[in-house]
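K.L.:
When we follow our numbering, the leftmost residue of the sequence shown carries the number 35, and every step to the right adds one.
If you're looking for bench data, these hints aren't it; they were derived computationally from the structure.
Hints are supplied without guarantee of correctness; some may be wrong.
What the hints assert, rightly or not - Beta-carbon label-pair distances, calculated as ranges:
1) THR108 with THR36: 37 to 43 Å
2) TRP38 with THR108: 35 to 41 Å
3) LYS83 with PHE48: 28 to 34 Å
4) LYS104 with MET49: 21 to 27 Å
5) VAL92 with THR62: 18 to 24 Å
6) TYR94 with ALA45: 27 to 33 Å
7) MET39 with TYR105: 16 to 22 Å
8) TYR103 with THR36: 30 to 36 Å
9) MET39 with TYR94: 16 to 22 Å
10) GLN84 with THR108: 31 to 37 Å
The beta-carbon is built from N, C-alpha and C at its ideal position, and this holds for glycine as well.
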Amino acid sequence: RTYWMNIVSQAAIFMGAAAVVSLNAGATWGALIGLACQPFWFYTTWRHKQWGVFAASVLYTVGWAIGTYKYLFT
């Protein structure tokens, strides 16, 4: 189970990052996809005890949430 979750997380992280770059991170879809990928970052960094990247993921989540709010609700 852990092996497959690691594979899924790594694939989601890669595909999410590729999608954000291709859709332009400042656009609505870029912010939404970036926000949707954050749980995979949290899982992977928590599982492998990468605390610095985990802390950065918290900041990225705030940034993606602000971008999502900005483009959807204002």
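K.L.:
All hints are to be evaluated individually against the structure, with a verdict given for each.
P.N.:
Quick rundown of the hints versus the structure:
1. THR108 with THR36: 37 to 43 Å: Given about 41 Å between the Cβ atoms, the range holds.
2. TRP38 with THR108: 35 to 41 Å: The hint (35 to 41 Å, Cβ to Cβ) holds, given that TRP38 and THR108 are roughly 39 Å apart.
3. LYS83 with PHE48: 28 to 34 Å: 21 Å, violated
4. LYS104 with MET49: 21 to 27 Å: For LYS104 and MET49 the Cβ distance comes to about 24 Å; the hint holds.
5. VAL92 with THR62: 18 to 24 Å: 22 Å, holds
6. TYR94 with ALA45: 27 to 33 Å: Given a distance of about 18 Å, which is not inside 27 to 33 Å, the answer is violated.
7. MET39 with TYR105: 16 to 22 Å: 31 Å, violated
8. TYR103 with THR36: 30 to 36 Å: 34 Å, holds
9. MET39 with TYR94: 16 to 22 Å: 20 Å, holds
10. GLN84 with THR108: 31 to 37 Å: 34 Å Cβ-Cβ, so the 31 to 37 Å window holds.
Hint compliance for this structure: hints 3, 6 and 7 are not met, and every other hint is.
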